[in-house]
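Chemist: Could you fit the two chains together into a complex? Lean on the hints.
So the chains spell out like this:
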Amino acid sequence: MKKIVVVGNGMVGYKFCEKLVTRPDRENYQIEVFGEEPSPAYDRVHLSEYFSEKGKDELLLASKSWYKDHEIKLRTSSLISEINTKEKEVITYKGEKISYDYLVLATGSSPFIPPIKGSEKAGVFVYRTTEDLDAIKTYAKKLQKSNKSKATVLGGGLLGLEAANAAKELGLETSVVEFAPRLMPRQLDEAASNTLIRKIENLGIKILINKATSEISGKEEIDALTFSDGSRHETNMLIISAGIRPRDELAKSGGLKTGERGGIFVNNKMETSATNVYAIGEAALYNNAIYGLVAPGYNMAEVAVSQICGGDKTMAAHIDMSTQLKLIGTDVASFGDPFIENEEVSAITYENKQSGIYKRINVSRDGKKLLGGILVGDASEYQNLFQIYINGMKLPENPEDLILGSRGGENSSLGSVTELLDSAQICSCEAISKGDICKPLEAGECCSMEDVVAKTKASTGCGGCKPMVTDLFNATMKSLGKEVKEVICEHFDFNRQELFDLVKINKVKDFDEALNLFGKGHGCEKCKPVLASIFASTTMETANKQVTIQDSNDKFLANIQRNGTYSIVPRIPGGEITPDKLMTIGAVAKKFDLYTKITGGQRIDLFGAELHQLPEIWKELIDAGFESGHAYGKSLRTVKSCVGSTWCRFGMHESVSFAIQIEERYRGLRSPHKLKGGVSGCIRECAEARGKDFGIIAVESGWNLYVCGNGGATPKHAILLAEGLDDETTIKYLDRFLMYYIRTAAPLMRTAPWLEKLDGGIAHLKKVVVEDSLGIAEDLEKEMQSLITNYECEWKQAIEDPEMMKRFKHFVNSDEGDDNISYVPLRDQKMPKAWT
Amino acid sequence: MQELLAQYQSVTAPEVLKWVNVGKAKDFPENGGACIKYKNKQIAVFNFARESTWYACQNLCPHKLEMVLSRGMIGDKEGIPKVACPMHKKTFSLKDGNNLNGEDYKIAVYPVKIEAENVYIGFID
Ligand SMILES: Cc1cc2nc3c(=O)[nH]c(=O)nc-3n(C[C@H](O)[C@H](O)[C@H](O)COP(=O)(O)OP(=O)(O)OC[C@H]3O[C@@H](n4cnc5c(N)ncnc54)[C@H](O)[C@@H]3O)c2cc1C
Ligand code: SF4
Ligand code: SF4
Ligand code: FES
Numbered sequence: 001m002k003k004i005v006v007v008g009n010g011m012v013g014y015k016f017c018e019k020l021v022t023r024p025d026r027e028n029y030q031i032e033v034f035g036e037e038p039s040p041a042y043d044r045v046h047l048s049e050y051f052s053e054k055g056k057d058e059l060l061l062a063s064k065s066w067y068k069d070h071e072i073k074l075r076t077s078s079l080i081s082e083i084n085t086k087e088k089e090v091i092t093y094k095g096e097k098i099s100y101d102y103l104v105l106a107t108g109s110s111p112f113i114p115p116i117k118g119s120e121k122a123g124v125f126v127y128r129t130t131e132d133l134d135a136i137k138t139y140a141k142k143l144q145k146s147n148k149s150k151a152t153v154l155g156g157g158l159l160g161l162e163a164a165n166a167a168k169e170l171g172l173e174t175s176v177v178e179f180a181p182r183l184m185p186r187q188l189d190e191a192a193s194n195t196l197i198r199k200i201e202n203l204g205i206k207i208l209i210n211k212a213t214s215e216i217s218g219k220e221e222i223d224a225l226t227f228s229d230g231s232r233h234e235t236n237m238l239i240i241s242a243g244i245r246p247r248d249e250l251a252k253s254g255g256l257k258t259g260e261r262g263g264i265f266v267n268n269k270m271e272t273s274a275t276n277v278y279a280i281g282e283a284a285l286y287n288n289a290i291y292g293l294v295a296p297g298y299n300m301a302e303v304a305v306s307q308i309c310g311g312d313k314t315m316a317a318h319i320d321m322s323t324q325l326k327l328i329g330t331d332v333a334s335f336g337d338p339f340i341e342n343e344e345v346s347a348i349t350y351e352n353k354q355s356g357i358y359k360r361i362n363v364s365r366d367g368k369k370l371l372g373g374i375l376v377g378d379a380s381e382y383q384n385l386f387q388i389y390i391n392g393m394k395l396p397e398n399p400e401d402l403i404l405g406s407r408g409g410e411n412s413s414l415g416s417v418t419e420l421l422d423s424a425q426i427c428s429c430e431a432i433s434k435g436d437i438c439k440p441l442e443a444g445e446c447c448s449m450e451d452v453v454a455k456t457k458a459s460t461g462c463g464g465c466k467p468m469v470t471d472l473f474n475a476t477m478k479s480l481g482k483e484v485k486e487v488i489c490e491h492f493d494f495n496r497q498e499l500f501d502l503v504k505i506n507k508v509k510d511f512d513e514a515l516n517l518f519g520k521g522h523g524c525e526k527c528k529p530v531l532a533s534i535f536a537s538t539t540m541e542t543a544n545k546q547v548t549i550q551d552s553n554d555k556f557l558a559n560i561q562r563n564g565t566y567s568i569v570p571r572i573p574g575g576e577i578t579p580d581k582l583m584t585i586g587a588v589a590k591k592f593d594l595y596t597k598i599t600g601g602q603r604i605d606l607f608g609a610e611l612h613q614l615p616e617i618w619k620e621l622i623d624a625g626f627e628s629g630h631a632y633g634k635s636l637r638t639v640k641s642c643v644g645s646t647w648c649r650f651g652m653h654e655s656v657s658f659a660i661q662i663e664e665r666y667r668g669l670r671s672p673h674k675l676k677g678g679v680s681g682c683i684r685e686c687a688e689a690r691g692k693d694f695g696i697i698a699v700e701s702g703w704n705l706y707v708c709g710n711g712g713a714t715p716k717h718a719i720l721l722a723e724g725l726d727d728e729t730t731i732k733y734l735d736r737f738l739m740y741y742i743r744t745a746a747p748l749m750r751t752a753p754w755l756e757k758l759d760g761g762i763a764h765l766k767k768v769v770v771e772d773s774l775g776i777a778e779d780l781e782k783e784m785q786s787l788i789t790n791y792e793c794e795w796k797q798a799i800e801d802p803e804m805m806k807r808f809k810h811f812v813n814s815d816e817g818d819d820n821i822s823y824v825p826l827r828d829q830k831m832p833k834a835w836t
Numbered sequence: 001m002q003e004l005l006a007q008y009q010s011v012t013a014p015e016v017l018k019w020v021n022v023g024k025a026k027d028f029p030e031n032g033g034a035c036i037k038y039k040n041k042q043i044a045v046f047n048f049a050r051e052s053t054w055y056a057c058q059n060l061c062p063h064k065l066e067m068v069l070s071r072g073m074i075g076d077k078e079g080i081p082k083v084a085c086p087m088h089k090k091t092f093s094l095k096d097g098n099n100l101n102g103e104d105y106k107i108a109v110y111p112v113k114i115e116a117e118n119v120y121i122g123f124i125d
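Residue numbers (full-length UniProt numbering), protein chains in the order written: chain A, 1 to 836; chain B, 1 to 125.
Only chain B is shown next, with the shape it has when bound in the complex (with noise of 0.2 Å):
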């Protein structure tokens, strides 16, 4: 199962080598999440839409492995956006990834940008 984890490593914007689209901005709910699939990878993308901005991160729970980030709740810990998984509630950080309940696992994210009303994510392969 390492291998599947192995295949998510966050990506920063100045990263990116490619912008893959990967829908239209009204296909994912408002302050909700939906599921996309690039190459074999699956990634969660978050509407934030009351900060008006988008996340997205792996769908895959570094916990128990099961591709379901993006079905979890999203809202904010002391201002910091979150993902709760839908599985255990285990919280993540949608801008670094980083585990909000203080255990050693963590999750890749994405950089999300629009244009023209569709939504590209941004990978390195």
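Just chain A, with the same shape it has in the complex (with noise of 0.2 Å):
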């Protein structure tokens, strides 16, 4: 048995250990791993999701237990101080000696501190574990109490825009600060980086480039820069990503060979200067370079799998570095060389100002082949691209129908994922080729996505490749002759419109009937939501006739928020509001201590109701007249309007009226996910109703009605879809456009991506809503009538039938609330005491 010794438990490290366990000959090698930070290899390159939803569990790679079960002995928190390549051996911090036959260096990089005078100033952090967010997030948070708030990102780099998106998130006002004169100097050309600053100074993130810092000011704590130039620039706080530094400490104190500018030497063996001792990841030197990317770690690590175990992989020669720009809210991607343009390559450059986009393609002269390139704005063809590039294929007959799409023809240019190489490469990070994926679905091995993505663990990584293998798996599965269904759950062989049309054809009445007739087993989280909708939207039933399939918020006709508590929304139609009213929710907010906030939707949200007090707070506000305003539902929110002709000077109709009337109309109603309007009342657009599931803008010949936008993570302009329409006219489109989502629409899938996903797009939709080309129209009017006419207030039904209140108790054997609730003073109010 041969010992091997891994220091270094980050994401390779980890890699190293799962390639390892999965070889046959694993009993002949007993694996002992040390990793300095307290927790298991967990996922950085998804570490800024631990500042919004993911806790440390979630990011893991492998749990403690994965580790025992392997029978890998993992020592966390445990630093390796020395390494004896004489000896054989590893010295821990605390002395203590462990001799190895094989040593693998997966020590990664530490971040870059420039030599600037005042960088120990408290406020001043880096961007790499999670330790290091924790300090960011506790500084920041102390600095609200301050009332200050401005937060620096030294490096416009990958990493410093994603550093800078979360600082933005943690509510701060953020800069970043680069020293060359375009951001991600490494991957972007200039006109590229201009695009992009402007895309990223739109969200609110100022971008300063071409300066020099030369000291870091304050007494104790950082309270600005001052650059080259002279000029300064306040901020409370600064995140330093200004590059990476390989760790290679302990390989040149352990007499290994290592590079000028850091690095530890390897070659394609990965194997360094001294004989059993291999290093792997961002510590490694390979081709004189240092890669801060997964993909080329992971490739490391099978290497040096094989080595260690008699193989032969070696590392190729040329490495990509193609990537992604992840979370900041705009499209950013670059592959192969970007920048290379000489005789026999010209760059081809798509560039538009008004919507922000640029891309460049380096194709050969001869057109034969594509070198690398550029997408800012809109990243949409990246995969394909990639796949093109990296493998070699044959461009289209004029290369820049790449970027443009193709213009003639109906053809699209590019051709199908079914016309890739098996041996092409779909998923770099784990280095999966097309082949990989699609011969176990034809050997029956794999049947679903889920199954796919367990063997392969393709997309798991950086996740960029993930459309590409849906796409590769419909494909493959369609050859197959096997129709990939997007069914409900294990419960319901039907898509949402297949159950819908059932439910309604057969008069279905109720959750255990559907179940009966047409599923199986018992039901889960997934189909129960989706039914209750259905039935909301063939009968208008409300939710309290089948309480226990309703969703968190539904159930209990309020929002469920962090600590259990709820949160309550009156209807304010149009964000029209008498001060009467006013002085009500004022009232309410006050008698039971409710957090009390705007929302953005022109209402008033009402924060910190535990479930028994919602029933009486409920009464007050319908005795003064309101009613529910489904912030709860998979429903119409709000028609959010400006104040229209008649106050506003440049006003054309009055949107305010118009957005009441459909505000009214369209209350209560359930859809497959959240809908919102507004009306604006002139091209100005104050009431960005653009950025709804409908708008409608005044024009001088009447209204313009835009559908399918959204805000959200991943907003759309809403598209035009009639205008020049009276009122009338507008209504009934609505109606007709309206029911055709709730009929065909997925569940969860809003108007945008239910649009994109339409075969034949907005064209088909105008023919259908506009022209009524499937002679649907007066059917679509007609549901639409009967559910306004069915429309009922559930929380004026709920508080006035006992049985139904039953549920509004925290305890069935106590009248007592949630102990478990405690609060803390935030600004004059109050907020839920943060989750531990």
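Just so you know, these hints were derived from the structure itself, not from any lab. Everything hinted at is true.
Covered stretches of chain B, as calculated for chain A (at least 3 residues, CB under 8 Å):
#, segment
1, 19–32
2, 42–56
3, 60–72
4, 76–89
According to the in silico footprint, chain B covers these stretches of chain A (three or more CB under 8 Å from chain B):
#, segment
5, 520–533
6, 551–559
Quick reminder that beta carbons are idealized off the backbone N, C-alpha and C, glycines included.
Modeler: If you want it as structure tokens, here you go:
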């Protein structure tokens, strides 16, 4: 038995273990892993998600028990401080000596701190580990308490921009300082950088380029940066992201060959200058370079495993450094050689300043080969371009079609995924080829997308390849004659549209009947809310009727918040409210001590109501003339309006009156996902109507109707459906549009992705809604009319019925409330005590 | 917060030292849940009417430590009865409390019996 010692339990060190334990000769090796960090290896690539939703556990690549189950001795919080390649041993910081037969150095890198005076001051951070993020978060909170809010990121590279976005999401007023004349200097050319700067500044992050920082000033805490041009930039926090330095200190002191600018020297077998010592990941210097991405690191781990076990895998000579910026809210990608342009290679560029899009591809003069490129603002072609580049595929006759789309005939310029070679690499993080994905499907070893991901691990790294893996899966299943149907869950072999029709045609009355007639088992958290929505959209039944199939919020007609209390949003149609009603809301909020905030949809949200308080609060609101705002439902939320021609000097029509009319028309309408609307009184668009599922904008000749927009994670502008309409026609088209969406969309699919998937797109939708090409317009209108007629305020219904009220109690056997809830003060109001 | 979690340890029917009457069967919605209080514990009780079975577990979601599981939807995963937490839809087996999403944390479950229309939960304290 041979002993392998791994130093470093980061992403690559973990991958080494994962690859090793799947080998048939695994029993020949004993494995001991040392990691300096307190937690086992986690997904550093998605580190920023640690700020938002993901806890430490969710980021782990494998739990502690995984190591135990695979007989790997994992020692966390254990720094190795020395290696001795003569004695073949490593020495821990406590002086303990552990001998090895093979040593693998996977020590990663540390953030580079440029030698700037003052970098030791409080408020200066780096961005690499969960501990760094914890520290940043705590400091940000401290700043906010003292009403300070300025953060700066030093370095406008990939990581710096990600850190800037994270700082912004923490609520800080964020700037980025870059020394070079452009952002992401290693990936973008000047035009691309300019486009990106405009985009990012629109997101509210300030960009300063061409700025060399000479000093970090402040007493104990940072308060400003001074630049070499003499100018000053005030900031309360600094996140340094100025590049990485390989952690080669062990190698250096152990006498291994290292690079001049750092990095542990390795050959294409990942061997260092000492026998039986390997280096992998960001610490390794291969081909004179350090690779700050997971894909090459994973590749190195695989090579090292193969070499140690007597195999012959080696590292390719050329390493692909294609990257996509994630999270910041705008698309940026670069692949291959983004800058190359010479006698043999010409660049084709497209720039649209209006919509902030820049695309560049570098094509060989003979028009045969794609060598690299850049995409900013719209990277939807990235996966296709990357495939063509990495697999050396043939280009279309007019290479510009690749970024402009084919502007001649109907044919798409890009081949379909089925045309790729079996060896074509699809997931670069896990080095998975097309064949790796298709073969198990063809052999019947995998039958679902989940199977494929579980077997190959494709798309579990950066996730960028997911759309392509999905396309491949669908295409392969289709070619095998197996229909890939998006069924709802294991209990119903139907998609939402089919279930909708089944429920309607068979006049199914409740969930149990649906399950008995068309499903199996006992249902789950996926199919229950889908059916609840279908029942509501076919008969307008309220959430009081089948309580136990309602989703978390609908069940109690309120929005559950992080501490298990609820928030309440009364309907305020069009955002218009009388002073008296405003005072009622204030009085209720005061009486029940509710945190009060204005929402983005021109309403008022009252937070912190306990379950048993909801009915009392609603009774007061209803007595004052309010009704449910359905903020908790996948249903119509609000129709936002600007003040329009009644007050505004630019207004063309009465936008508020029309917004109120429309909101009252569709109130309580349940749909596959939430629905938002907006009405603006002129093209200045103060109501931001085009950021909604339906937007109405006044023009000289009437109303323009836009559909399928949204804000949120992937903002989309609504698209023009019809123009110059009168009130009546606008409403008629809206009825048809909404009902068509409700009938056909998948669960939790908003109108924008629905339109994207709709065969024929907006042209088809126009035909159906305006020209009635399917001959269903009258049905759609009738269905909508019947829903509108049957509307009832579900809160009024609930508080008038003692049976329905029973559910608003925390305990069945006691009248007390939840004793687990506690609050801390926040700017004269309160907020839930934080999760631990 | 660890103390809070430590209060909840699974109990099996043979271990029960005390059956506590927690209410009338009709007070618990069919195919849904409700919460009861016993000493300083909050217990979620589920009336799995489709199977004519009852289940009980801690009301505390082990993921974010809020008292919410009784408000979750119930159902099954390949035949295993389960509850989905209303916060992030983490799912747990109602039979043995196991995490059905493959994460580490799980929940404590308690035995339930129905006698003369009354619901009893078994405790060892
Ligand atoms: C915020 C962020 C976003 C990123 N986004 C992307 C992305 O989108 N795409 C991409 O491809 N890459 C991305 N990366 C880079 C990617 O995370 C790294 O390439 C990858 O983590 C490298 O893995 P590694 O194992 O070599 O190093 P690491 O993950 O850093 O692991 C090295 C480990 O070794 C430990 N160690 C070091 N010395 C010792 C010692 N002497 N004794 C014991 N333990 C020691 C360290 O504490 C560390 O835990 C991102 C990185 C960050 C920080
Ligand atoms: S959109 Fe036009 S009408 Fe409405 S507030 Fe703005 S400027 Fe006035
Ligand atoms: S309110 Fe919306 S954007 Fe804000 S934290 Fe919650 S989910 Fe995120
Ligand atoms: S390419 Fe990163 S996960 Fe597949």
